[in-house]
Every structure is written in structure tokens, then in C-alpha cells.
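Colleague: So you can see what is in the structure, the chains are spelled out below.
Number of protein chains: 2
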Amino acid sequence: MKDKIAVIGVGHTEFGELWDSSWIDLVEEAGLGALEDASIKKKDIDKFFLGNMSLGMFGGQEHTASKVFSEVFSGGPDSHVLGRRIEGACSSGGLALEASFNDILAGIHHGQDKIIMAGGFEKMTDKPTDEATKILSAASDMGKEMGFTFPALYGIIKDRYIEETGAEEEDFDYIAVKSHKNASLNSRAQYSFEVSHSKVKDSFKVASPTKLLNSSGIADGAAAVIMTTVRKAEEIGTDYVVLEDVQGVNDSIALFEREDILTLVSTKRAADMVYRSTGFGPEDVDIAEVHDCFSIAEILALEDLGFYPKREGWKWIKKSLSGCEEMDGPIPYKLPGGKNLFVNTSGGLKAKGHPVGATGIAQVVEVVEQLSGRAGDRQVPDAKVGITHNVGGSGGTAVVSLLTKPDGVS
Amino acid sequence: MKDKIAVIGVGHTEFGELWDSSWIDLVEEAGLGALEDASIKKKDIDKFFLGNMSLGMFGGQEHTASKVFSEVFSGGPDSHVLGRRIEGACSSGGLALEASFNDILAGIHHGQDKIIMAGGFEKMTDKPTDEATKILSAASDMGKEMGFTFPALYGIIKDRYIEETGAEEEDFDYIAVKSHKNASLNSRAQYSFEVSHSKVKDSFKVASPTKLLNSSGIADGAAAVIMTTVRKAEEIGTDYVVLEDVQGVNDSIALFEREDILTLVSTKRAADMVYRSTGFGPEDVDIAEVHDCFSIAEILALEDLGFYPKREGWKWIKKSLSGCEEMDGPIPYKLPGGKNLFVNTSGGLKAKGHPVGATGIAQVVEVVEQLSGRAGDRQVPDAKVGITHNVGGSGGTAVVSLLTKPDGVS
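Same order as they appear, the protein sequences are chains C and F. Sequential numbering from 1156 applies to the first sequence in the working numbering. Sequential numbering from 1156 applies to the second sequence in the working numbering.
You can't tell identical chains apart in this list, so a pair holds if it fits in one copy or across any two.
In silico BS3-like links for lysine-lysine, alpha-carbon gap of 30 Å or less:
#1 K1299 with K1289
#2 K1269 with K1157
#3 K1198 with K1465
#4 K1474 with K1539
#5 K1299 with K1282
#6 K1423 with K1465
#7 K1159 with K1269
#8 K1356 with K1474
#9 K1289 with K1360
#10 K1197 with K1423
#11 K1196 with K1299
#12 K1423 with K1198
#13 K1473 with K1423
#14 K1299 with K1197
#15 K1423 with K1196
#16 K1198 with K1299
#17 K1282 with K1356
#18 K1489 with K1470
#19 K1356 with K1465
#20 K1473 with K1494
Hints in this document: simulated from the structure, not taken from any laboratory. No experiment lies behind these values; they were computed from the predicted model shown.
All chains should be modelled from the sequences, with the hints used to inform the complete structure.
Modeller: See the structure below:
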């Protein structure tokens, strides 16, 4: 137990169009927030890993970590901090989490309990939307999928899903209604308001059949978590949540190279590895933050993570969410065994916002707050096991983590 | 010993203006070369870490690792490979090495002997030189050093060095003569030819006092190394060199924030950590690949790594290299104790070439080849201990590694 990894602090900026802040302001706010939450100081940090997709194209700055060191961590004459930026498109945050996790394990092997910050950020709204869309398309295969935007790629997947399953377009739209309802309870969310089913249904088509309100938007934001060993967390005397495991897997970057475009093999494999190593299964999970960059992505995620049989997620979503406009949030999905599963209580990428490099870490922040009873109006009752699911591109990378509330669970 | 980290294979493309190759071609060539050298197959790789400064700005592609997975590693139905890109400006390669090292240690903690590829690459010559120079300046502080190119930043350092020490400009020029002489023995080098001292001395000033032939150029290239545990290397039955340790440290990104611009604190601290953990000191080192992006940088590196007293490197360099035009390469430096130290036998960044993300890994390739007696015309006699030194920007990051020949050394 002492050798397990503990998340001892979290920080999270508002997500949205934050024109008053630079990218470094956002990293500083999230980072210092996490340090304060963990009751530690800058000088206590051994390393930091920052998930970010494209500060080069969005902000013209590379050598990201040295700049962050200068502005945030610069720790005086004895400083020995090492940072770096991790790039894996929209899964950059998840990959920073995974790297941090393993770096702490490496420390344990040498008898050291390192304290590491895993952060993520993106500053996207300083570019016009069409330019931001073009930069985001760099997460697809720029040699072979050129000209496709992500709404178009996910539109192809949605078309195929409808064709194979008989789902109807309006079934997908309930997901957005649910996510906005959750986001309306989250003051940090970019779109912290409710939307009606008819509003989603009638929103314009960005890349048919993907509609505006099936899509996450362009956003600025940053998130950070402080991680160490359980041993060190107890020595510091701070509360913590256990990060039981985090695994990532790659798949081909281009859709046409996949055997089945309705399965994100990367998600399935990463989840299988996490379930196997932790002994927990989908039936144990109370809350999940999944990568819903588009409504169809949330359905695929719930199937690939093992909550629903493949190609049947839509039926359960329909069953769970029909009439959800009238319910109070947060609104759960019903699982086949009858259990409630709360998905994207934060509002998800759709409504909380998706500053791409921040997302994988922001998901962990939400799960940690839920498991430690600090989620305010969004609080889910008795949550003990949570997972996060962060995707790069259209599934070329997926990272899955599993977290538990320490008392009486693991 | 079994838990030590072994480098079991190396791959290295030609460095230069490689207009026939795309970035992915280069990564593939270096990666498959390293696999072949290690006598293993694609499917044996557990993870890969790729150092790259700015594929976004140079090539418009992010989600680098998924693209590499598609083209290089795609391993069939059971694939569980995870890759990611690591960005730390010109130290991206060194940071990929450091991450790979720690990931293997994390595996050992869980009773697993992972096989990891650490690679690095940059494809720079597809952009006009002035645009490439602008992209490279993103490794400096884009908010506070805007308008400075790297030849200018290192020119400021050189000016200061001359002012404080009494060194003369032509002393620096011997370094380029030595590096080109070494590169003339290296068929992979971008500038595989000799230059005379007068040619260096008379080359035009790029940013006074930095002259063209004091500077590394714009280049394309990739390098890769395969790493695992000594236990696994012996199980595979392949030759190996021991990577004893690798450490990195950040410093402030902007020059004006430094107490002494003639000391790269990041280099000093990283080297101290490596010397402390391995028990080796500068007096034990036979060969070093140091980050000589400009001639002045090689002097600072030799001082900061502990080979020469601070502000005295130039005297020793003068003593070692005066008249070196007439000597046969590789040409060593004399150390204060009388020992020979061979520096940048590859030709260094100056003459082998500096495709920025590749450099930190290419340095390891050179040291591994030297320690295993495979350096051909450049072979140094009886080399047993080597170090690599990779810098980001003007010292905002530094990564130092120490490698040994396994027989009778460690």
C-alpha cells in the first residue's frame, strides 16, 4: 500500500475564452493551486510533466518546461527540478499523467519518494477558429487524412454507427443535454448552462452528421495534480486519493487503417491492462470522465471501456437519458446490472470545455474531487472507484487510469 | 548489476540536407536500424519516447507517436506499444533518454524487464533558413528575448567570456578545426570535411562575435537507441553498453535571469548528480559528446562538466589544439592531470550536424559505438567511460548521461 501512488493535490483554472491570461498564467494558476491543495511548496517538487498538444503552433513557444521553470518553479540556488512537455495530441495530458506515475515508481526502485506535478494546458483562443481547427487537424494523419477536420472524422464514425445499429440521430443528442446539465453545476465549465434536446437537435451541421452541439469547442485552460507515494503522502499528512494504475496504448493514426472504426482498440487495450493490474472491473466503477470530444465518442468510450456491449451503448443511453431535461443533475447512466454510473459529471469535453492538452489532467481533477467528497453541487453519492479516459486524435492514442478512495476500498 | 540499464542497439541516419526523406522516413531508418542492431523485432518494443523540438512548426504534424506507430511499429492484433513525443527544445533527445531510463526502472519495480526505444529527430531543411532560425528561436523566451537568434545569444556569452578571461577570438576557432577534422572521419556527418584555422577565422559574422564556422547548422536527421535491463540483454544474448545514469535539470530560460552567464548551472547540477550517483568523476571519463551548438558552448561545457576550472577552459583548449591542423584525428584535449579526453569524436553539433531533437540520442550512439569498439576511423583507444551532454536553448535545460563498457569497469 505504501508503494502505491497518491494524488495529494489538484488545481484547475476556469475553462473558456480566457483572453486576459497567457498560457503561462494558466499553468501558474493551476500549478500553484495544486501545490496549495497539497500543502507543499514549490521547492518540494522533483519533476513536472506538462501535457500540451501544440504550444508551437498556438503560441510560438517551444522549450516549454524551461519557461515554466522560470516563471513558476524557479527555486533558488539548490533547485534540481526537471520538467518537460509531453505531446500526444489531445491525449497529451493523459500521457503526462502516465509518465509521472512511472517516474515515481522509478524513484521507489531507488528508495526515493519523489513528488511530481503532472499538468496539462492549451491556449487556443488567441488564434481565429478556422486556424485553430487547422492546428487541431495536426492530430490526424497530415499525410493521408489531409483536408479532414475532426468533426468530419467523427462524423464518418457516427454515420457508420447509425448504419450498423439502427440508432437515430436524436439519441446522440441526449448526451449533450446531460453534459450541459452537469456543466451547469460546475462553475469552472466553459458552457455552464443547460441546453434543451430540441436545441441540440436543431443546431447546425458542422460536418454532417456532426452538429455544433454534438461537439466540444475551442478553449483555453490548464489543470495540474501533485502525485507522490502513499508513504510520502502520509508523512506530509495530507489527504489523498490512490491512483491505482494508468496505462496507455497506441493505434494507427488514420481511420482507414482500422479494422473496425466503431472500436477504439487503444481504449479497449488500455482499459483491459488497467482492469487486469488493479483487479477492478467495469462493474466496480462509480464515476467516469470519458473523452467525449463529440457525442458519438462518448458512446464508443462507454462500450470500449466495458460498460456496455459493443454497438448497444445507444440503447442504454436512450433508456438512461430520455426525459433527462426534467431531471436534476448530475444524471447517471443505468448499467446492464442495474447500477448507476455517473459519466462526465464535470460536464465533459463537450460542456466543461476541451483545452486539448489540459483534458487528461482535468479529468483526474474531477475524479479526485468526487472521490474525496469535494465536488459541491455535482457531488455523486458514495463514489469509491473512478476512471479517466483520454484519447488522442480519433483513437491513435488512449490513456486510461483508475483511482480509488483509500478508506476500505483497496 | 542485473538491474542496471543496458543500451543494446543503436541506429543513426546520415545528418544533413536530406530532401529525399520525410521526417517519418528518418525515424523509420534510425528505429529499424536500432532494432536490427539489437537483434530484436518491432513486436518486442514496449514503449518508445521520441525527442523532437517542433514537428508542429517544421512539419505541421502533432500526434507524432501515433503516426510513428502507424508507419513503424504497427504490430498486429496484440500490440500494446505506447509512444509519445518529448519536447525540451534542443535537449528533447536527452529528455527522451532520461524518460526511457526511468520507465525501465519503473518496470523493474513491478518485476518487468521492459524494452524501450529512445529516439530523436528533426526535419528542418524543408523550411527556408530564415524561417528555421525563427522556429529555433522558440527555444528561447519568446516573451522576453524576442528578436534574439541563438547565434546572438551565444554571441553575448562569448563577448563576456572574452572580456572576463582575456581569451582571444582565434582561440575559439581551433574548436571548429578539431570538430571538422573528427567529422571528416565520420561518414554520417553533415560537414564531413576539414577546415583550416584561417577559414574559420575569416568566416563571416552571423551575429558578432559569432561567426558562421563557430556555429552548428540547420539539418535533418534521426537517431535511436534500444534500452532494457542488463538481465534482459543477457537473456537476449546481445552485446551492450551500460547506461549508468542520466539526469536532467532546468534553469531559467532567459540569459538575463542568470547570476553568471558563463556558467550553465543546469549542466553543473546534472553532472554533479550523475557523478554522485555513479561514483565516477570527470577524471574517469575517456570520451565526451558535448553540446557545442557554438564554439563558446564547447568551452563552457568542458568547464561545467568539471574537466577544466571555470574560466580556464580556453587556455587548455589552446594548449591542446594549437597546430591541430597538422595532426591526425581524432584529436584529444589534454586534461590538467595529463590524461587525454576525446571530445565530440563524432564531429559534434558543429560538424556532424544538429537536427535538434536528434542530438541527445545521436550523442549516445557515438559513445556506445566508441565504448564497444565500433567507431571505425574515429575509434579512440581503450575508451571505457563516456558521457553525453545535451542542452536546451542557452541552458534552460541540460541532460547528462554516463555510460560504461561492461567488462571490468563497473
